[in-house]
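Could you build all of it, start to finish, from the sequences and the hints given here?
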Amino acid sequence: MRQFGALLFLLGGLGALADVCVPEVDSKLVERLGQRLLPWMDWLSLEHLNPSIYVGLRLSSLQAGAREAFYLHILKLNYQQRLLGLAVDDDSSNNQAKPSMGQLALYLLALRANCEFVGGRKGDRLVSQLKRFLEDEKRAIGSNHKGHPRTSYYQYGLGILALCVHQKRLHDSVVGKLLYAVEHDQHLQQDHLSVDTVAMAGLAFTCLEQSNLNPNQIHRITQAISTVRQKILKAQTSKGHFGNVYSTPLALQLLMNSSMPGEKLGRACLKARAALLASMQDGAFKNVLIISQLLPVLNGKSYVDLISPDCKAPRVLLQPAVETPSQTQELISVMLKVPHALQPYRHRISVPAGASLEDVLKKAQELTGFTYETQNSLSGPYLTSVMGKEAGKRKFWQLLQAPDTPLLEGIADYTPKDGQTIELRLVSW
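Residues -18 to -1, 1 to 411, numbered by mature numbering (1 follows the signal peptide of the UniProt record, and there is no 0), are exactly what the sequence shown covers, in order.
These are computed hints drawn from the structure, not numbers from a lab. What you were told as hints is all true, and nothing was included just to trick you.
Within a straight-line C-alpha distance of at most 27 Å, the following computed BS3-like cross-link-like pairs (lysine-lysine) qualify:
1. 104 <-> 58
2. 268 <-> 399
3. 150 <-> 113
Computed beta-carbon distance windows for the label pairs:
4. 265 <-> 374: 32 to 40 Å
5. 389 <-> 246: 26 to 34 Å
6. 384 <-> 358: 23 to 31 Å
7. 208 <-> 330: 47 to 55 Å
Treat the numbers as computed from the prediction; the structure is a model and nothing was measured. In this text, a Cβ means the ideal position worked out from N, Cα and C, and glycines have one as well.
Have a look at this one:
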């Protein structure tokens, strides 16, 4: 026990906590993760463009060659056209053209991942647009902190981080809303407190601390980083994940930036490393947004490294995966139910083994009169309407394995097993 503690103390003294928090993974396993991103780089429509893919690759040990450069080019064409058009006409009624705060923030991270600082007339307008988003969110939270962001505290933290890595200062009052939320648990719990949310806030604060952009709040910022770290450590499960398997990569991005390692933190990272490796070997990571957060961790990097990115670091060229077609077409049966719809629904649906939950919904729509609508997001499609009942303000369609186990993946990523019952439930948050 004492030898283990001495080892962690030595690692901390050498500034090597990042090494403790970085899983040692076979290069082939890392390559297979990267290969999952390649098909998405060929889908260049607005609904599929995802700046997080570019950020994840640039901070990883992998590269996509000419495809990577072309993807950034398409990102610039599409995002600048949409974002600058919105900046000119804030009252535009074209909802499809309006980006979210999170999309704009990730786009700015992508530019920084290519060692670009936003600047000039166009760049200034992009920065101003993101600042307006944050000001709107600040007003929605309110001076008494009783309100909620229109999006989420996750996107709020992401927006602050994106401006920080470009060395763009925000007013103390904007940063103060996120500080207050971390300092008072109930405010994040109303936003469904998640490790992802506090980790993103911690990354934003770490950037602000290192850049010293808000010197009047530096003490609160430093204390908030410590608070976030403790929240994440407290959320570690018996298996070793922080929150759950899919929030662990972002948590490790935060923890590897810790300047105050200790035996507790070192043990937590070692336990998380083992859990993450087991999850990777089980093929748990399919969502491109989560993979984009994981790849930097496997390379000992985090979003905070975008303060001063190393754009000349050697990276291994990815080759497309060679898929072997399945020889069998085994069918499985999944019970799909929606008990609280305008017309309660319950039917057993047969689909090929390995089909996604989205495939189940499509088959149900085709065969049984089931109806649903989705909307695309950077983390994949999500349900907006089921059996004629729409998700309204602060309501969403939750996916559960009956009777009450929430699914950790979305409809495009979750693979139902034979005999499972999947329930769709409209809940408030």
